[in-house]
Every structure is written in structure tokens, then in C-alpha cells.
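Asks: In short: position in the sequence shown from 1, add 27, done, that's this note's numbering.
Treat the hints as calculated values from the structure; they're not laboratory data. One thing to keep in mind: the hints can contain errors.
[Unchecked claim] Computed cross-link-like contacts, EDC-like style, restricted to lysine to aspartate or glutamate with a CA-CA straight-line distance of at most 16 Å: (1) Lys179 - Glu260; (2) Lys179 - Asp248; (3) Lys179 - Asp214.
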Amino acid sequence: MNATRTGSSKQQKLSGNGALAAAVSDTRMLPIRNRRALKLRDDLLAVEEPLEIRVRGTSVAVTMRTPGHDDELAAGFLLTEGLIRDRGDVTAIAHCPAAAQPNNTLNVHLAPSVEVDMARLTRHVFASSSCGLCGKASIDSVHQHFPPVASKARVRADVLVRLPDALRRAQATFDRTGGLHAAALFDTRGRLIVLREDVGRHNAVDKVIGHGFLQGLLPFDGILLVSGRASFEILQKALAARVPMVCAVSAPSSLAVRFADESNQTLVGFLRRNRMNVYAHPERIRNA
28 MNATRTGSSK QQKLSGNGAL AAAVSDTRML PIRNRRALKL RDDLLAVEEP
78 LEIRVRGTSV AVTMRTPGHD DELAAGFLLT EGLIRDRGDV TAIAHCPAAA
128 QPNNTLNVHL APSVEVDMAR LTRHVFASSS CGLCGKASID SVHQHFPPVA
178 SKARVRADVL VRLPDALRRA QATFDRTGGL HAAALFDTRG RLIVLREDVG
228 RHNAVDKVIG HGFLQGLLPF DGILLVSGRA SFEILQKALA ARVPMVCAVS
278 APSSLAVRFA DESNQTLVGF LRRNRMNVYA HPERIRNA
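Build the full structure now, drawing on both the sequences and the hints.
Replies: Encoded structure:
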């Protein structure tokens with residue numbers, strides 16, 4: 028573990044699977060137990076910093092994220108927004124040394140043949156963040172770019188119920204901070220392919236999808252598991268990566284269920300050691 032001190036905080040870069048996984052900040056806090064104040068002590072917090080994503084030098088988005096795997100975050104975001112489709116669309120992803128915050132500014136270089144509708148991206152990001160899209164309009168808008176999946180993948184129920192424990196065991200940064208969401212891709216045998224942690228649940232999903240994109244793993248005919256709830260946007264991101272099964276340890280939203288049904292995605296909520304609720308397309312789950 029490498030540590031560098033910045034001001035009064037210490038940022039520790041935690042490596043996972045040979046790559047930078049997250050950033051953790053060391054702070055001081057006063058614990059109170061049973062209405063009694065104890066001694067000041069050190070505590071570890073997940074770092075939250077802005078990341079500006081640029082395409083061909085033009086700013087397209089700013090997101091609050093946990094530093095680490097920024098290239099995957101940018102690639103996953105652009106893929107799920109429909110700006111890129113194939114690995115060959117991206118020629119390079121690099122931090123911008125001339126920017127005011129070079130470590131928090133990323134420029135994505137695209138092949139000359141790739142046409143980017145910046146106006147469409149701006150409209151979509153604004154509408155999503157302000158809840159300007161809803162119901163059928165949201166689903167129809169996504170399906171214009173990402174049609175329903177056509178997958179014959181099947182998974183055993185006893186494999187699914189083991190996934191949350193596998194996810195939790197791999198959350199190295201959560202163990203230190205207790206403050207990060209996680210997302211992971213598993214194959215249908217329950218093998219962990221990639222896990223990412225982030226202060227933002229959508230960022231964690233973008234990172235694992237971006238990993239799949241950059242490593243040539245997409246379309247991914249397996250399972251996306253998230254540590255929290257399953258929202259419409261998470262299902263939409265999974266659809267962009269052609270992932271047929273989405274599982275969550277918590278509840279789905281009503282629009283997520285509707286979207287999964289119309290996108291031919293299997294949606295599982297409240298996935299635990301001995302239980303699950305299947306909200307859409309249960310035919311992919313085998314009981315034996």
C-alpha cells in the first residue's frame with residue numbers, strides 16, 4: 028500500500044487485481060458510544076472527487092466519483108450513452124496535463140470516422156439528472172439505440188444465491204471505509220470477472236462495463252450484480268453492454284421492472300443466501 032499525504036489528509040491508493048481500485052482518505056473523528064464521547068481516533072473515508080470527461084477536447088460530463096479506473100468509467104459512460112459502440116471507436120483515453128485539475132480531467136480520443144452528436148448527449152444527460160424522462164418515453168428512447176437482448180443464457184438458482192457473498196468478499200475498499208457501492212460481472216457459472224467500487228452506484232456500473240468494453244468482453248452474456256437497488260438507469264446501462272441478467276441485493280424500481288420486461292432482461296432483486304425475487308424473465312433461471 029502506497030500512501031501520500033495531501034494537506035491534512037492521507038490518500039492511500041489501494042490496488043486490486045493489479046490495478047488501481049480506489050482512493051481512501053485518512054481523517055480524525057470523535058466516536059460516541061452510549062452517549063459517551065471516547066478518544067479521537069483515525070478513520071478511513073472513501074474519496075469523492077469530480078471527474079470531467081472530455082471527448083475530442085470538448086467537455087461532455089462531470090461526475091463525482093472515487094478515483095481509480097477513470098478510463099473504464101469514461102468508456103462505460105460513453106458506451107451507455109450511445110456515443111461509442113465498438114472498441115475501435117476509441118483510440119486513446121488520457122488525463123489532461125494542461126487542465127486545472129489534470130488528475131480529474133480525462134480526454135477520450137475517437138477514431139476520425141466516429142461521429143458524435145454532442146447536442147444529443149447534452150440533452151440526455153440533463154434530462155436524466157432532472158428526471159425529465161419518464162415511463163414509456165424513457166424506454167422508447169433507450170430502445171432506439173439499444174434493442175432488447177436476444178440471449179439464450181441460463182443460470183442455476185444455487186449459483187445466483189452465492190453471488191452476493193462473492194461480491195462482498197471482493198470489496199476490499201468497502202472493508203476499510205464502509206462507504207462504497209459495488210458492481211460486478213459474473214459468468215453463468217458464478218465466476219467473478221471484474222468488480223469495481225465507487226461512491227456512485229452508476230459509476231461502479233460504468234466502470235465494470237467500461238472494463239468489459241476496453242478488454243473486448245462485450246457483448247457480455249452473463250450477470251451484472253449491484254450491491255444496492257436496481258434502478259432504470261442501471262438496467263439501461265446493462266442493456267447497452269448486452270447483459271441479459273441483472274441482480275441486486277436490494278429492491279428494483281417500478282420502471283426498472285418494466286424496462287427489464289420490455290428489454291428481455293432477467294431482473295432479480297433481494298438476492299440473498301437463500302432467497303431471491305425474480306421480477307422479469309424468470310425463464311433464464313434453472314432450479315436444478
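Asks: The structure should be examined with respect to each hint, and the outcome stated for every one.
Replies: Against the structure, the hints come out as follows:
1. This hinted pair does not check out: Lys179 and Glu260 have alpha carbons roughly 23 Å apart, beyond 16 Å.
2. Using a Cα cut-off of 16 Å, the hinted pair Lys179 and Asp248 holds, with the two alpha carbons roughly 9 Å apart.
3. For the proposed pair Lys179 and Asp214, the alpha carbon gap of about 13 Å is at most 16 Å, so the pair holds.
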